[in-house]
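Chemist: Position chain B against the provided structure of chain A, taking the given hints into account.
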Amino acid sequence: MKIKWLTGAAGIVAEIVYALLYVLAGLAIAYLIIFLRT
Amino acid sequence: MIVKSDRRFIPIIHYIGIVIICLGGLQLIPLLISLLYQEWPIFFIFLLTASFAVLIGGLAALICNPPKGAKLSWGEGMLVSAASWIIGMLFCALPYYLSGNWKSFLDACFDVMSGLTTTGLVLVQDIDHLSNGINMWRHLLTFVGGQGMVVLALSFLVKGTSGAYKMYVGEGKDERLAPNVVNTARNIWVISLVYLVVGTIAQWIAGIMIGMPVDRALLHGTWVFMGAWSTGGFAPQSQNILYYHSLLYELVTMVIMIIGSFNFALHFAVISGKRRELLKNVETMSFSITVTLTALLVSFGLMKTGVYQEPMALFRKGFYQLISGHTTTGFMSVYARQFYHEWGDIALFAIIVAMLIGGSACSTAGGFKGLRMGIIFHTFKKDVRMLGQPESRISMEKMHHIKEIEIDDNISRSAMLIVIAYIITFVVATVGGMLSGFSFAESGFEAASATGNVGLTIGITSPSEPSLLKVIYIVTMWVARLEFVSILALGSYLMARAKGRWQKR
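Respectively, the protein sequence lines represent chains A and B. Under my numbering, the first residue of the first sequence carries the number 1, and numbering increases by one thereafter. Under my numbering, the first residue of the second sequence carries the number 1001, and numbering increases by one thereafter.
Read the hints as simulated data drawn from the structure, not as lab findings. It cannot be assumed that every hint is accurate.
[Said to hold, decoys possible] Here are the simulated PhoX-like pairs of lysine-lysine, each with C-alpha atoms no more than 25 Å apart in a straight line:
#1 A/4 x B/1403
#2 B/1403 x B/1280
#3 B/1382 x B/1398
#4 B/1382 x B/1280
#5 B/1280 x A/4
#6 B/1274 x A/4
#7 B/1403 x B/1381
#8 B/1274 x B/1398
#9 B/1381 x B/1280
[Said to hold, decoys possible] Partial pick of chain A residues on the chain B-facing surface, computed with a CB cut under 8 Å:
#10 22
#11 23
#12 25
#13 26
#14 27
#15 29
#16 30
#17 31
#18 33
#19 34
#20 37
[To be verified] Computed Cβ-Cβ distance ranges for the label pairs, DEER-style:
#21 B/1058 x A/9: 36 to 42 Å
#22 B/1238 x A/21: 29 to 35 Å
#23 A/9 x B/1420: 37 to 43 Å
For clarity, every value in this text was computed on a predicted model and none was experimentally measured. Backbone N, C-alpha and C define an ideal beta-carbon position, used for all residues, glycine too.
Only chain A is shown next, with the shape it has when bound in the complex (with noise of 0.2 Å):
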């Protein structure tokens, strides 16, 4: 099955993009934790 680039490109940019949630749900729950401990 072929890909259409720019499909694949949006596809690679949407994983990124998900990927990067998670990085700032790690980020909000170390300030989080923080903001509790305090």
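Modeler: Okay, now just chain B, sitting in the frame of chain A:
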């Protein structure tokens, strides 16, 4: 055409020979790097070992050429995969051993198996002064191992698909990205190579921004990408990711680790235009739930010990290690003994659970796999729902994984059996650690790391660890990577051969 039963080994040896040829051909890459950097002893080592592998593999493939139309049975396909990994390990260990950087051939074999299974535990001495050629070989092994040696052979050297799917499944994958398994293998490589370019450029830029020379930043970027994408965790310096002391470097590796742990079928669906699959897929949903729960537990545990007082420290150490463990990468932003002395039981327990759960099926990651967590969850949900319904009522439970899948008893049983096999492997490796004199926490952590093909270490894995424990971990990494079935096929074949010989007497 069916090959006569006393000559069933012919196609098996033929395909193992093809895999060995591929591994020999792969050594051309570190050979070229050694040539570029004028590392002459390493250059000649790779020239010798690559030639040896191609010669032996070629002879095996030529002499044991199966008749046209001969088919591999399921057991034989799995046997090819299992045996290829062990025999391949021996050939791949030769450059390590001849380089003099490993204490013994057993240590060299350990590091090869650790690389191929994308575990990342290391026994090499003085990583910081390894040649560029040997470093390239280390990281290439983890990159190839993540995709699979058999997948590599299928992509380039196997003609026709008779028996190919059986070998492919024997390597712990069963997703079809194309109707033809050879094209499935090629699609897996295309996806990996596209990300190799994208990810290496990102790491290269990050390396330049933290002050590394351009060529060194490119080499490190390539190697660290290979370690992150394959969720192998090898790094070119002994301090691992801690060496770079860079939030940017850690962020880039975190993104690559997460993406690297996804199912190749998911990658294929997303790049084909089905981007919503990222949110609907049972594996990504399972991963997001388990990451959130274990991250909260790790953070709570670290808060109790008080070792990280600032949010960014908690994020860069605690969350980074959690992601590294859950994706089964094994990159370390802390020293090994810090886990034991500073993390406390709660955070250690959360990391152990995360390492065992692992990443997605048909990915470079290890562990139970998110797909099985999803299947088990849906099975429980169905059984609990049936408790409140009349006995005559038929209940259906579905989950979404690329397409809608009905959870039937066969799927549930298969998932649970593999999870039980993982748990048994983990227990055996833990007991091995304790019998070698390590504490329960240390043994459990290292066993989870080996079983989940993770690579985080609490300090047990070292050149001075008992040889028996090294063998236990080699076997643990191997059986867990291939997900047991092909190993059982190999064991069954060997027992049948031994029994046949015994009966002939």
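Chemist: Starting from the range 37 to 43 Å, see whether the pair residue 9 of chain A and residue 1420 of chain B falls in it by beta-carbon distance.
Modeler: holds, 42 Å
Chemist: Does residue 26 of chain A pass the interface check with chain B, least Cβ-Cβ distance below 8 Å?
Modeler: holds, 4 Å
Chemist: For the restraint on residue 22 of chain A, tell me whether the closest CB of chain B is nearer than 8 Å.
Modeler: It holds, given that the least Cβ distance between residue 22 of chain A and chain B is near 5 Å, below 8 Å.
Chemist: Is the straight-line distance between the alpha-carbon of residue 4 of chain A and that of residue 1403 of chain B 25 Å or less?
Modeler: holds, 22 Å
Chemist: The hint names residue 30 of chain A as touching chain B; please verify it with the least Cβ-Cβ distance against 8 Å.
Modeler: Since the shortest Cβ distance to chain B is 4 Å, the answer is holds.
Chemist: For the pair we were handed, residue 1403 of chain B and residue 1280 of chain B, check the Cα-Cα distance against 25 Å.
Modeler: holds, 10 Å
Chemist: Holds or violated: is the Cβ of residue 25 of chain A closer than 8 Å to a Cβ in chain B?
Modeler: holds, 7 Å
Chemist: Does residue 34 of chain A pass the interface hint, meaning its C-beta sits closer than 8 Å to a C-beta of chain B?
Modeler: Result: holds, 5 Å to nearest chain B Cβ.
Chemist: For the pair supplied as a hint, residue 1274 of chain B and residue 4 of chain A, confirm whether the alpha-carbon distance does not exceed 25 Å.
Modeler: holds, 13 Å
Chemist: Is the hinted pair residue 1403 of chain B and residue 1381 of chain B satisfied, with a Cα-Cα distance of at most 25 Å?
Modeler: holds, 20 Å
Chemist: Quick one, are residue 1280 of chain B and residue 4 of chain A close enough, alpha carbons at most 25 Å?
Modeler: Between residue 1280 of chain B and residue 4 of chain A the Cα gap is close to 23 Å, so the pair holds against 25 Å.
Chemist: Given residue 27 of chain A as an interface hint, is the shortest Cβ-Cβ distance to chain B below 8 Å?
Modeler: holds, 5 Å
Checked against the numbered hints listed earlier, the structure breaks none of them; every hint is satisfied.
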